[in-house]
Each structure stands twice: as C-alpha cells, then as structure tokens.
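Given the structure of chain A, go ahead and fit chain B onto it with the hints provided.
Which chain is which? The protein sequence lines are A and B, in order.
Taking the numbering used here, the leading residue of the first sequence gets 1, the next gets one more, and so forth.
Taking the numbering used here, the leading residue of the second sequence gets 311, the next gets one more, and so forth.
Certain hints may be false.
[To be verified] Examples of chain A residues lying across from chain B (beta carbon under 8 Å, computed):
id: 1; residue: V130
id: 2; residue: L251
id: 3; residue: L268
[Stated by the list, open to error] Only some residues are given here: those of chain B computed to face chain A with a beta carbon under 8 Å:
id: 4; residue: Y512
id: 5; residue: T539
id: 6; residue: L578
Think of the hints as simulated: they come from the structure by calculation, not from any bench.
Positions of the beta carbon are idealized from the N, C-alpha and C atoms, including for glycine.
So you can see what is in the structure, the chains are spelled out below.
2 protein chains.
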Amino acid sequence: MNGSRSAGIEHLALIGVGLIGGSLARALRRAGAVSRITGFSINLPELEKAVELGVIDAHAKNAAETATGADMVVVAVPLGAMGSVFAEISPALANEAVVTDVGSVKRCVIQDARATLGRHWPRFVPAHPVAGTERSGVEASLAQLFDRHRVVLTPLADTDLRAVQRVAAMWESAGAIVERMSVDDHDRILAASSHLPHVLAYVLVQTLATHARRDDIFRLAAGGFADFTRIASSDPRMWHDIVLANRDAILTISERFGENVASLLSALRSGDSDRITAVFDGAKKVRDEFEAHRRKRGLGSSAPPPGARP
Amino acid sequence: MNGSRSAGIEHLALIGVGLIGGSLARALRRAGAVSRITGFSINLPELEKAVELGVIDAHAKNAAETATGADMVVVAVPLGAMGSVFAEISPALANEAVVTDVGSVKRCVIQDARATLGRHWPRFVPAHPVAGTERSGVEASLAQLFDRHRVVLTPLADTDLRAVQRVAAMWESAGAIVERMSVDDHDRILAASSHLPHVLAYVLVQTLATHARRDDIFRLAAGGFADFTRIASSDPRMWHDIVLANRDAILTISERFGENVASLLSALRSGDSDRITAVFDGAKKVRDEFEAHRRKRGLGSSAPPPGARP
Numbered sequence: 001m002n003g004s005r006s007a008g009i010e011h012l013a014l015i016g017v018g019l020i021g022g023s024l025a026r027a028l029r030r031a032g033a034v035s036r037i038t039g040f041s042i043n044l045p046e047l048e049k050a051v052e053l054g055v056i057d058a059h060a061k062n063a064a065e066t067a068t069g070a071d072m073v074v075v076a077v078p079l080g081a082m083g084s085v086f087a088e089i090s091p092a093l094a095n096e097a098v099v100t101d102v103g104s105v106k107r108c109v110i111q112d113a114r115a116t117l118g119r120h121w122p123r124f125v126p127a128h129p130v131a132g133t134e135r136s137g138v139e140a141s142l143a144q145l146f147d148r149h150r151v152v153l154t155p156l157a158d159t160d161l162r163a164v165q166r167v168a169a170m171w172e173s174a175g176a177i178v179e180r181m182s183v184d185d186h187d188r189i190l191a192a193s194s195h196l197p198h199v200l201a202y203v204l205v206q207t208l209a210t211h212a213r214r215d216d217i218f219r220l221a222a223g224g225f226a227d228f229t230r231i232a233s234s235d236p237r238m239w240h241d242i243v244l245a246n247r248d249a250i251l252t253i254s255e256r257f258g259e260n261v262a263s264l265l266s267a268l269r270s271g272d273s274d275r276i277t278a279v280f281d282g283a284k285k286v287r288d289e290f291e292a293h294r295r296k297r298g299l300g301s302s303a304p305p306p307g308a309r310p
Numbered sequence: 311m312n313g314s315r316s317a318g319i320e321h322l323a324l325i326g327v328g329l330i331g332g333s334l335a336r337a338l339r340r341a342g343a344v345s346r347i348t349g350f351s352i353n354l355p356e357l358e359k360a361v362e363l364g365v366i367d368a369h370a371k372n373a374a375e376t377a378t379g380a381d382m383v384v385v386a387v388p389l390g391a392m393g394s395v396f397a398e399i400s401p402a403l404a405n406e407a408v409v410t411d412v413g414s415v416k417r418c419v420i421q422d423a424r425a426t427l428g429r430h431w432p433r434f435v436p437a438h439p440v441a442g443t444e445r446s447g448v449e450a451s452l453a454q455l456f457d458r459h460r461v462v463l464t465p466l467a468d469t470d471l472r473a474v475q476r477v478a479a480m481w482e483s484a485g486a487i488v489e490r491m492s493v494d495d496h497d498r499i500l501a502a503s504s505h506l507p508h509v510l511a512y513v514l515v516q517t518l519a520t521h522a523r524r525d526d527i528f529r530l531a532a533g534g535f536a537d538f539t540r541i542a543s544s545d546p547r548m549w550h551d552i553v554l555a556n557r558d559a560i561l562t563i564s565e566r567f568g569e570n571v572a573s574l575l576s577a578l579r580s581g582d583s584d585r586i587t588a589v590f591d592g593a594k595k596v597r598d599e600f601e602a603h604r605r606k607r608g609l610g611s612s613a614p615p616p617g618a619r620p
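Chain A with its partners taken away, still in its complex shape:
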C-alpha cells in the first residue's frame, strides 16, 4: 500500500484546511512523504488553528500565494468554491505543478478546472477520497482518516499521465487504495452510496423536528436512530453544493428509491406479509455481507454502543 511508490512531495500547497485537507496533511507527514506544507483558508481562525496544530507549516494570505512554487496543489474547498480558487491560483502555478481536488462530485469540478486552469489543465487530476466523518474542521482531522479507504481518480483523455501517477502515489502514501473510474460512473455511484443517504437523513430529521411530538420522539430515539441520522450532522454548506452539483444522478436514484418505498408501503397497506418479508430478508442479507467485507478490509465493525433497537 504505502511505500511502493514514494509521493516525494517537496512543497504541498493546501487550499482549504478542514477535515479532509487537514487529514491529508497529517497522513503525508506520518508517511514522511512531504517536505513542506503551506496552506490557505478563507476561514482565518481555522487557518491559524492549522498552524498551531502543526498540520501546516505556514499559512499564506491568499490561495495564489500558497500555491506559488508548490509542486503539488490540493484544493479541498466546497464544490461551489472550486472554480474561483482555480482561477485565482492559475497564474501563480509553477510549470510542473500538479493540481488536484477532493470534491465529492467530479463533473462540476472538471468543468471549472477546464475553464480556468489554462495551460495547467493537463496536470489537473480530479480525485475524490471516499472517507470522512460527520465532523468538520481541522480539529477533527486525523492522520488515519484514509487508511484502507478508497480514493477515486477520474482523469480525462488529455490528463497528463505523470500527474495522475503523482496524485495516486500521494494518496497511497496517505494510506488509501486508489482506483480509476469514469466521471459519469463516479457521480452516479456516489449519488447512490452517499448523496441519497445524506438527503434522506437530513429530511428525516427535518420531518421529526417539525412533528408535534418532537420532544418525545427525540427522547425515545435510541442508538439506531443516532446511527441512521449521524450523517445529518455533516456540514450543510458542503452538502448543499454536492446535491446541486450532482442533481441529475440524485434525482434518478431518488426516483428508484421512491418507487421501492411506495411498493413497500403498498404491501404494508394490504398486509402483504410475503412481500415485506422478501424485502427485509434480502436487505439484511446484503447489509450483513457489506459489513463482513468492511471487516475483512480492516475498516472496523463500526458497531455502535448498545442502544440501536425499536
């Protein structure tokens, strides 16, 4: 995993020093894969905290300054801010600088990068580390956040192969398993595995928060509810950008999900015991297999403390 290729980064410029940017910096330091890290964030207290915690060596006064002279530039900002960051850093980039991102939707980031990076475009490598927690900010960052987690690269036909290799090596040094995928595949798959669940968690909490018996509901909610809704504590700004950027894929999978919900509720209404059993049995089987695979990959049982039932 690590070590087979050295990331060998001289100067990493980190634009955005939150959970993901901060964790990447920590993981690369842990691996001895980077000599120097500078950073910038529009959130000044976060930026100062990042220096204080030793996550970055120095902070710059803007994105262009931090990117100047860097051989690797990682843009770890919400999707809606990617375009303006790319536009700002483009004139400051060194000739051989590799630029990459960590966005959860790839199509929109690629459009922004193509429109703004000019001659640096071929050395832009779209990337998505599929890992995180519901917490945000540099204080929540962890060196082990990416260990054994997937990072998806979605290079285009005209992406420089050496740039792809450098970004892959960086993420492997950070403990991740790197794979490649087409942009459309990535965005459709993540709509199903991540974006739809987040929408459902947010809307469920909204629904219960506006219920007449809201206080009773939350008092009697146990560990199962806590787990189910944990992702509704995720950063709303980040998720606003994600759902808007990937709306077509999200609408498509939501429609299929909605049909399946309607079908189950119709079975419930008519007392169709067999149909309910088939759905629950089938889902449990698949979910148990998923958990077994996670354990095999060393991702932990992620088992909650007691308290998840009815």
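Here is chain B on its own, set in the frame of chain A:
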C-alpha cells in the same frame, strides 16, 4: 436509578431468550435483583446456549412449564408470537404472577393479552425497552444494554398498580429509566423515531442491491453508509411483525416524510439554493442538539471510526 426500589424477583420466567430477554436476565443478575431464572425458546439451540452462558438457570420444555410458579413472567418474543404465548401460559400462571412483554408496538400486544390472559389480565403490564442493537440472539446479549435507556410502560385503566410498580422496579434494577405513556402516543412516537427509519434503511439497501452498479456502490460506500444502513441488519422477522402491527402510524409518518422528500427534490430540480440550505442547516442543528443530549445522558457519542463521508 437502581436500588431505590428492589425488584426482588423470586422466580423470573423468560419466554424468548434472545438479545432483549438475555440482556434483561444478565442485567437483573448484575443487580442481584432475581433469585432464579428459567427460560423457554422455540429455538432450541438458542435455549441451550442461554443455559451454557449462564443467562438462565434452567430451561423448560415449553412456555407453560417455565411460567409455572414464577412471580414475574417476561414475554420477549416477536410481536406475531405474543398471542399464542399468552394463551399457552395463562392456565399455568400463579395467582399473583405479573406478566409483561418487551414488544415494540403496544396496541397489538394489549389486544392479544386482553383476549387470552383471562383473570390474569389486570396483572399484565405492557412494556417496551427502547434499546437494542442490530444484532440478535442470546450471544449478543449484554448486562449493560438498558443502562440509562428508556423503558416505556403503557398500563391501562384496569391494570393493577402493584403489578406496574413491580415491572417498573424490575427495569430500574436493570439500569433503565422508566416512563409511562398512553398506548397511542407510544405507537405513534415509535413509528417516527424507530419504525420509519428501519423501513427506509431496508428499502435503501434493497434499492442499491438491485442496482446495475451494485458492486461498485458497495465497494465505494464508506462509514456514513455503514451507519445509515446498520439497522437494515436487524432481525427481519421481528421487523416484519412490527411494521404490520403499527402500519397506520407508520403510513401516517411516511406520508409526511414523503412530502418533505418531494419538496426537497423539487427544490433541487429548480436549483432553489435557499430552500436546500434551510433544510440542511435546520436538520444539522437539531441532530447536533440530539447528540449533545445523548452525551449528557451518558449514552456515548456513538461516534463511528473514521470513514463516514461523501
């Protein structure tokens, strides 16, 4: 919590020795609140395992036999089996025996008990320990499962007050916080806090399991997905019974949830940034408050290992 009233159970008869029954037995032993525990389960290997693990002292050959001479009878079987268990034990019950259950829906259990328990009906106390995990079976049982968790009692107008007090004392000895509530309130509130989330988790897993890119989806699913779908690993038989028993309340809250999902998807379709932000911001705020309350109650952060993001 404990100790203020002693449960003082001479002979506890446990019908159903799974996660909930087994955990109650362990918790009462921990508290020294019970002298002898006998048990019965139609699942013979589970029953033998319960003796082997010391969860029960002896097993009987049927429900009536185990209930014979017991001063406290706890029926911890799936909802669909409650009626037949009550009918079977009724002739064997001692004059002063208290009978209680652990079912996640109260209306149906009460109907069954009223129809079958005869002269013992006033000493039947409907109860629901709101705690558990997605695991099932006596091997998953834990003495601390109910610590600081709620147990809801829904006694009726003609329920014997001393019987209610004995069941309350038992659950307090087991570490729980006991509260009373009307049957309708209980069933409506649990439909929202527990039953709907389980339906959604099962149907989401079903939807992804039948997706053309199923393998990619599960490979790229991270901790957030694992948390969101954990409850889809719950016992399908138990949940089949719960959703059918509480279908009206589940249909009502599902309808409200469906309207809110439709509204968010419509905002997404039209790019209504403000509406999306309002929902996500509001939900995060409420979810964070819920988590803070859980921690204050000592229920643990229930924070997952790294890996819950996009």
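These are the hints, each one checked on the structure:
no., hint, verdict
1, V130, "5 Å, holds"
2, L251, "6 Å, holds"
3, L268, "5 Å, holds"
4, Y512, "4 Å, holds"
5, T539, "5 Å, holds"
6, L578, "5 Å, holds"
Of the numbered hints given earlier, the model fails none.
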